[in-house]
Amino acid sequence: YLMEVQREISYEKNLKKIGKTIKVLIDKKEGDYYIGRTQYDSYEVDNEVIIEESAELEIGRFYNVNITGAEEFELIGKIIS
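Residues 1 to 81 in my numbering are what the sequence shown lists, from first letter to last.
No lab work stands behind these hints, which were simulated from the structure alone. All of these numbers come straight from a predicted model, not from anything done at the bench. C-beta atoms are modelled at their ideal positions from N, C-alpha and C, and glycine is treated no differently. Any given hint might turn out to be false.
Stated by the list, open to error - Once the Cα atoms are required to be at most 20 angstroms apart in a straight line, the calculated EDC-like pairs of lysine to aspartate or glutamate come out as:
no. : residue 1 : residue 2
1   : Lys20     : Glu52
2   : Lys29     : Glu53
3   : Lys29     : Glu4
4   : Lys20     : Glu71
5   : Lys13     : Glu53
6   : Lys20     : Glu4
7   : Lys13     : Glu56
8   : Lys78     : Glu8
9   : Lys16     : Asp32
10  : Lys78     : Glu52
11  : Lys17     : Glu71
12  : Lys17     : Glu56
13  : Lys16     : Glu56
14  : Lys20     : Glu72
15  : Lys29     : Glu8
16  : Lys28     : Glu8
17  : Lys23     : Asp46
18  : Lys23     : Glu4
19  : Lys29     : Asp46
20  : Lys28     : Glu12
21  : Lys28     : Glu4
22  : Lys28     : Glu56
23  : Lys78     : Glu4
24  : Lys29     : Glu12
25  : Lys17     : Glu58
To be verified - Computed spacing ranges between beta-carbons, pair by pair:
no. : residue 1 : residue 2 : range
26  : Glu58     : Tyr1      : 24 to 32 angstroms
27  : Ser81     : Asp32     : 38 to 46 angstroms
28  : Ile35     : Lys13     : 18 to 26 angstroms
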C-alpha cells in the first residue's frame, strides 16, 4: 500500500513539471533516447528525464529541457535551443 501511495505522490508532483524548463544533466544514451536527471536529482535514485533528440548530445553536460510529459518516476522532455 505504501508504494502505491508513493507512486501517486510522485506522479502528481511530476505532472506539475509539465511545461516547465529545467536544467538536465545527460547521463547516457539508450537507443534513440538520452537519459538524464535534473540538477537536483541523484543518479539511479531519483526521477530520470527521457529526451528524444536527433542531434548528438554530450554525456556529462547540462542542457535546458522543456518537460512535455510525465510518468510516476520519469519525466519526458525536449532540448531547448
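Hint check results:
1. Pair hint Lys20 plus Glu52 holds up; C-alpha atoms about 17 angstroms apart against a cutoff of 20 angstroms.
2. At most 20 angstroms may separate the alpha-carbon atoms for a hinted pair to count; Lys29 and Glu53 meet this at roughly 10 angstroms.
3. This hinted pair does not check out: Lys29 and Glu4 have alpha carbons roughly 29 angstroms apart, beyond 20 angstroms.
4. Restraint check for Lys20 and Glu71: satisfied, since their Cα atoms lie roughly 15 angstroms apart, inside the 20 angstroms limit.
5. Proposed proximity of Lys13 and Glu53 is contradicted: the alpha carbons are some 25 angstroms apart, above 20 angstroms.
6. Between the alpha carbons of Lys20 and Glu4 the distance comes to roughly 26 angstroms, so the proposed pair goes past 20 angstroms and is violated.
7. At roughly 30 angstroms between alpha-carbon atoms, Lys13 and Glu56 are farther apart than 20 angstroms, so this suggested pair is violated.
8. Note on Lys78 and Glu8: the hinted pairing is violated, with a Cα-Cα distance of about 24 angstroms set against a maximum of 20 angstroms.
9. At roughly 26 angstroms between alpha-carbon atoms, Lys16 and Asp32 are farther apart than 20 angstroms, so this suggested pair is violated.
10. Distance check on the hinted pair: Lys78 and Glu52 sit about 7 angstroms apart at the alpha-carbon level, within 20 angstroms; holds.
11. Of the supplied pair hints, the one linking Lys17 and Glu71 holds, its CA atoms being roughly 11 angstroms apart against a limit of 20 angstroms.
12. A hinted pair counts as satisfied when its Cα atoms are at most 20 angstroms apart, and Lys17 with Glu56 does not qualify at roughly 25 angstroms.
13. This hinted pair does not check out: Lys16 and Glu56 have alpha carbons roughly 29 angstroms apart, beyond 20 angstroms.
14. As the CA atoms of Lys20 and Glu72 are separated by approximately 17 angstroms, the hinted pair is consistent with the 20 angstroms bound.
15. With a C-alpha separation of about 28 angstroms, the suggested pair Lys29 and Glu8 falls outside the 20 angstroms cut-off, and the hint is violated.
16. Proximity of Lys28 to Glu8 is assessed by CA-CA distance (about 27 angstroms); at most 20 angstroms being required, the pair is judged violated.
17. With a C-alpha separation of about 15 angstroms, the suggested pair Lys23 and Asp46 falls inside the 20 angstroms cut-off, and the hint holds.
18. Restraint check for Lys23 and Glu4: the C-alpha separation of about 29 angstroms exceeds 20 angstroms, so the hint is violated.
19. With a C-alpha separation of about 18 angstroms, the suggested pair Lys29 and Asp46 falls inside the 20 angstroms cut-off, and the hint holds.
20. With a CA separation close to 26 angstroms, the supplied pair Lys28 and Glu12 exceeds the 20 angstroms bound.
21. Pair hint Lys28 plus Glu4 does not hold up; C-alpha atoms about 29 angstroms apart against a cutoff of 20 angstroms.
22. Note on Lys28 and Glu56: the hinted pairing holds, with a Cα-Cα distance of about 12 angstroms set against a maximum of 20 angstroms.
23. Note on Lys78 and Glu4: the hinted pairing is violated, with a Cα-Cα distance of about 29 angstroms set against a maximum of 20 angstroms.
24. Among the hinted pairs, Lys29 with Glu12 is inconsistent with the structure: their alpha-carbon atoms are about 27 angstroms apart, more than 20 angstroms.
25. A C-alpha spacing of about 24 angstroms is found between Lys17 and Glu58, which places the hinted pair above 20 angstroms, so the restraint is violated.
26. At about 42 angstroms, the beta-carbon gap between Glu58 and Tyr1 misses the expected band of 24 to 32 angstroms.
27. One distance hint, 38 to 46 angstroms for the beta-carbon pair Ser81 and Asp32, is violated here, with the actual separation near 19 angstroms.
28. Restraint check, Ile35 to Lys13: a C-beta distance of roughly 19 angstroms satisfies the suggested window 18 to 26 angstroms.
In summary, the numbered hints that this structure violates are 3, 5, 6, 7, 8, 9, 12, 13, 15, 16, 18, 20, 21, 23, 24, 25, 26 and 27.
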